[in-house]
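Residue strings, one per chain:
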Amino acid sequence: MTTREVASHLEEALARWEEQTLKPTLARLPERAAEFTTTSLRPIKRLYTPLDIQHLDFERDIGFPGEYPFTRGIHPTMYRGKLWTMRQFAGFGTAFDTNKRFRYLLEQGQTGLSVAFDLPTLMGLDSDHPLAEGEVGKCGVAVSSLEDMEVLFDGIPLEEVTTSMTINAPAAVIFAMYLVVAEKQGADWKKISGTIQNDILKEYIAQKEWIYPPRPSMRLIVDTIAFCTREVPRWHPISISGYHIREAGSTALQELAFTLRDGIEYVEWCVQAGLHVDEFAPRLSFFFNCHNDFFEEIAKFRAARKVWARVMRERFGARDPRSWMCRFHTQTAGCSLTAQQPYNNVVRTTIQALAAVLGGTQSLHTNALDEALALPTEFTAMLALRTQQIIAHESGVVNTVDPLAGSYFVEKLTSEMEQGCYEYFEKIDAMGGMIAAIERGFPQKEIQEAAYRYQQAVDRREKIIVGVNEYVVEREPVEVPILYIDESVAEIQKERLRRLRARRDNTKVKRTLEALKEAARGTENTMPYILECVRAYATLGEICEALKEVFGEYQEPPF
Amino acid sequence: MRERKIRVLIAKPGLDGHDRGAKVVARALRDAGMEVIYTGLRQTPEQIVTAALQEDVDVIGLSILSGAHMTLVPRVMQLLREKGLHDVVVFVGGIIPQEDIPKLKALGVAEVFLPGTLLEQIVSTVRQSVRRPLETAE
Chain A
1 MTTREVASHL EEALARWEEQ TLKPTLARLP ERAAEFTTTS LRPIKRLYTP LDIQHLDFER
61 DIGFPGEYPF TRGIHPTMYR GKLWTMRQFA GFGTAFDTNK RFRYLLEQGQ TGLSVAFDLP
121 TLMGLDSDHP LAEGEVGKCG VAVSSLEDME VLFDGIPLEE VTTSMTINAP AAVIFAMYLV
181 VAEKQGADWK KISGTIQNDI LKEYIAQKEW IYPPRPSMRL IVDTIAFCTR EVPRWHPISI
241 SGYHIREAGS TALQELAFTL RDGIEYVEWC VQAGLHVDEF APRLSFFFNC HNDFFEEIAK
301 FRAARKVWAR VMRERFGARD PRSWMCRFHT QTAGCSLTAQ QPYNNVVRTT IQALAAVLGG
361 TQSLHTNALD EALALPTEFT AMLALRTQQI IAHESGVVNT VDPLAGSYFV EKLTSEMEQG
421 CYEYFEKIDA MGGMIAAIER GFPQKEIQEA AYRYQQAVDR REKIIVGVNE YVVEREPVEV
481 PILYIDESVA EIQKERLRRL RARRDNTKVK RTLEALKEAA RGTENTMPYI LECVRAYATL
541 GEICEALKEV FGEYQEPPF
Chain B
1 MRERKIRVLI AKPGLDGHDR GAKVVARALR DAGMEVIYTG LRQTPEQIVT AALQEDVDVI
61 GLSILSGAHM TLVPRVMQLL REKGLHDVVV FVGGIIPQED IPKLKALGVA EVFLPGTLLE
121 QIVSTVRQSV RRPLETAE
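Sequences listed follow chains A and B, in order.
According to the numbering used here, the stretch in the first sequence is residues 1 to 559, in order.
According to the numbering used here, the stretch in the second sequence is residues 1 to 138, in order.
With the rest of the complex left out, here is chain A:
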């Protein structure tokens, strides 16, 4: 039989089933809803069959792991060779406090570090800045100078751990601090490995922690990528992030499409700056969210690899297969956690983590059950890590590569995600690229609309959230202990800064800051100048302020 004949035979069989088996059942027992949708409100059919994936070609679209288009995973053996990195994001209080938590997590078997900085640090402000009041050490660790960074990694050999740092607008400065700590430990920059998030586009789109306007921000990112290519070749200089886009309320498809389109923007800027695509593309990495809708998330991850491979090979002409690989970190969805009946969050996180693993993630952060209330305690952080360890060692899902491939449903959904991405790319390309799209508020408005639609669906109870709009209890049966960060953190930080400013060579600080401004005005790579400022113990705030003088500050237009 020809393919056409097989399809027409199937169509007939399906029609027969609908008539003979389905129809009488529906007449007797109607379905629970007129339409079934994913968490992203994407309609899902009752049944998927080979007819849904007849446009797919096994070798072209699904293929083998470790080979183009990588739908099934970037490694040929996936978790049979090496488990994902269990990388729990942590940071609070002073560098002393977080250093202690890091050592605890490493003792518990965590294999990589991930630093959460507090809001002043994320905004490039020192702990003693007036706007930092009330925020120091609250949702991450306060790092205002090299001195704090030295404490943060005290006793942790940087050649041996990999460190991920969630830092964006001031990423170049924080990265320079890390490099100088490594230098002081005697670690070889050529051997250290880790990631800085360094993704400013999603800040304008979703998380909104920016300092400079988009174009100078992009230049700083290109500078860090170019610097790493030469000096820190094992470092991932950017983690192009959908996580925050999703947290801001986007659909799974929007998360995927905007993130990959951001990736395209970075590649374009690097190529325009004179880098060859295969020089830096193998070190690009991605960061996705994993929400509750199990199959939609798995399809999203599989589509991410496929779309990125195609973009890199066809749009940018990359030749090195490593340039085609979409390697990514995943974090379970913070926005899916509920303050009500918080222990239910362990279950949600388990489902999400399982989807991330089935989607082939390279590293994973599982949220703690208390994160809709406060930062995790030591106990809840450990339970979150244990969730990953149970999936890795007890569930059996790691025994084979991409176990859901070939599922009519999963392949169809993967294919829909892929097509949806290309449609968004076309729209954004037509606007003149991602920066132009951001300037006109396109992704922002799409996300706001999706967030509102979702909340309305929850309000109308079209989407049931256990413990929120169904199965509600009047009195919470259990109380969750809370990690409190008190104001002494801010006092300690202020005092440390005061002493640092008195002790250091302030003439040298001034000289290095002036040199940085000069470099920023020109076209030279700013990284060596930032490193000099850091070595002189110029503070984060001082360095960012110097760059503000040259680059200006971003103001969000009202949308």
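Misleading hints may appear alongside valid ones.
With a cut-off of at most 20 angstroms between alpha-carbon atoms, the simulated EDC-like pairs for lysine to aspartate or glutamate come out as follows [what the hints assert, rightly or not]:
# : chain 1 : residue 1 : chain 2 : residue 2
1 : A       : Lys427    : A       : Glu314
2 : B       : Lys103    : A       : Glu487
3 : A       : Lys445    : B       : Asp31
4 : A       : Lys494    : A       : Asp97
5 : B       : Lys103    : A       : Glu479
6 : B       : Lys103    : A       : Asp486
7 : A       : Lys191    : A       : Glu160
8 : A       : Lys463    : B       : Glu120
A short, non-exhaustive set of chain A residues, derived as facing chain B with CB atoms under 8 angstroms [as the list claims (entries may be wrong)]:
#  : residue
9  : Met123
10 : Glu133
11 : Lys138
12 : Ala248
13 : Ala339
14 : Gln340
15 : Leu373
16 : Ala374
17 : Gln455
18 : Asp459
19 : Val468
20 : Asn469
21 : Ile482
If you are wondering where the hints come from, they were derived from the structure by calculation, not from laboratory data.
We treat Cβ as the ideally placed atom computed from N, Cα and C, and that holds for glycine.
Position chain B against the provided structure of chain A, taking the given hints into account.
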């Protein structure tokens, strides 16, 4: 008797950029027929209270997810008292530990909305909080 539309200021104090909740709530209140002014990000308590005064609002909704609420909310409440804005009803939404809720209420906050609160609940609580003074005013 024609009831004046309820006027609400939705504000994001502090450095926190997470504005999903603020924007969704602003839109829900607007859809429920209220006049809603959104301050935008990173407003100081002074800026928020000044805006509340200028816009003559009945309600202020403060959205804070960064953990800085015990610094920022008392400042807003104090400034409201200083400016004589005693009738303005203040709500707080965000990541707020249970233990802090009574403390915020003791400061004069009318209600604290945690993640997972339904929009209809926010709309009805806001509406109830301002109904009486408005009816007597007309």
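The hints, checked one at a time:
Proximity of A/Lys427 to A/Glu314 is assessed by CA-CA distance (about 18 angstroms); at most 20 angstroms being required, the pair is judged to hold. Restraint check for B/Lys103 and A/Glu487: the C-alpha separation of about 16 angstroms stays at or below 20 angstroms, so the hint holds. Distance hint between A/Lys445 and B/Asp31 is fulfilled; the C-alpha atoms sit about 17 angstroms from each other, no more than 20 angstroms. Of the supplied pair hints, the one linking A/Lys494 and A/Asp97 holds, its CA atoms being roughly 16 angstroms apart against a limit of 20 angstroms.
The hinted pair formed by B/Lys103 and A/Glu479 meets the criterion: a straight-line CA distance of about 17 angstroms does not exceed 20 angstroms. Simply put, B/Lys103 and A/Asp486 have alpha-carbon atoms about 15 angstroms apart, close enough for the 20 angstroms limit, and the pair holds. For a cut-off of 20 angstroms, the pair hint linking A/Lys191 to A/Glu160 stands: about 9 angstroms separates their Cα positions. Restraint check for A/Lys463 and B/Glu120: satisfied, since their Cα atoms lie roughly 15 angstroms apart, inside the 20 angstroms limit.
With 8 angstroms as the threshold, the beta carbon of A/Met123 comes within range of chain B, its nearest partner Cβ sitting at about 5 angstroms, so the hint holds. Among the interface hints, the one on A/Glu133 holds; its C-beta lies about 6 angstroms from the nearest C-beta in chain B, closer than the 8 angstroms criterion. The interface hint given for A/Lys138 is met, as the beta carbon of that residue sits about 4 angstroms from the closest beta carbon of chain B, less than 8 angstroms. Hint status for A/Ala248 relative to chain B: holds, with the closest Cβ pair at about 5 angstroms, below 8 angstroms.
Checking A/Ala339 against chain B: minimum C-beta separation of about 4 angstroms stays under 8 angstroms; hint holds. Given hint, A/Gln340 at the interface with chain B, holds; its Cβ is 5 angstroms from that chain's nearest Cβ, closer than 8 angstroms. Satisfaction of the interface hint for A/Leu373 is found here, the shortest Cβ-Cβ separation to chain B being roughly 5 angstroms, below the 8 angstroms cut-off. Hint status for A/Ala374: holds, given a least beta-carbon distance of 5 angstroms to chain B, under 8 angstroms.
Because the closest C-beta pair between A/Gln455 and chain B is about 5 angstroms apart, less than 8 angstroms, the hint holds. Satisfaction of the interface hint for A/Asp459 is found here, the shortest Cβ-Cβ separation to chain B being roughly 5 angstroms, below the 8 angstroms cut-off. The criterion of a C-beta within 8 angstroms of any C-beta in chain B is met by A/Val468, whose closest approach is roughly 4 angstroms, and the hint holds. Taking 8 angstroms as the C-beta contact cut-off toward chain B, the hint placing A/Asn469 at the interface holds, the least distance being around 6 angstroms.
For A/Ile482, the shortest C-beta to C-beta distance to chain B is roughly 4 angstroms, which falls under 8 angstroms, so the interface hint holds.
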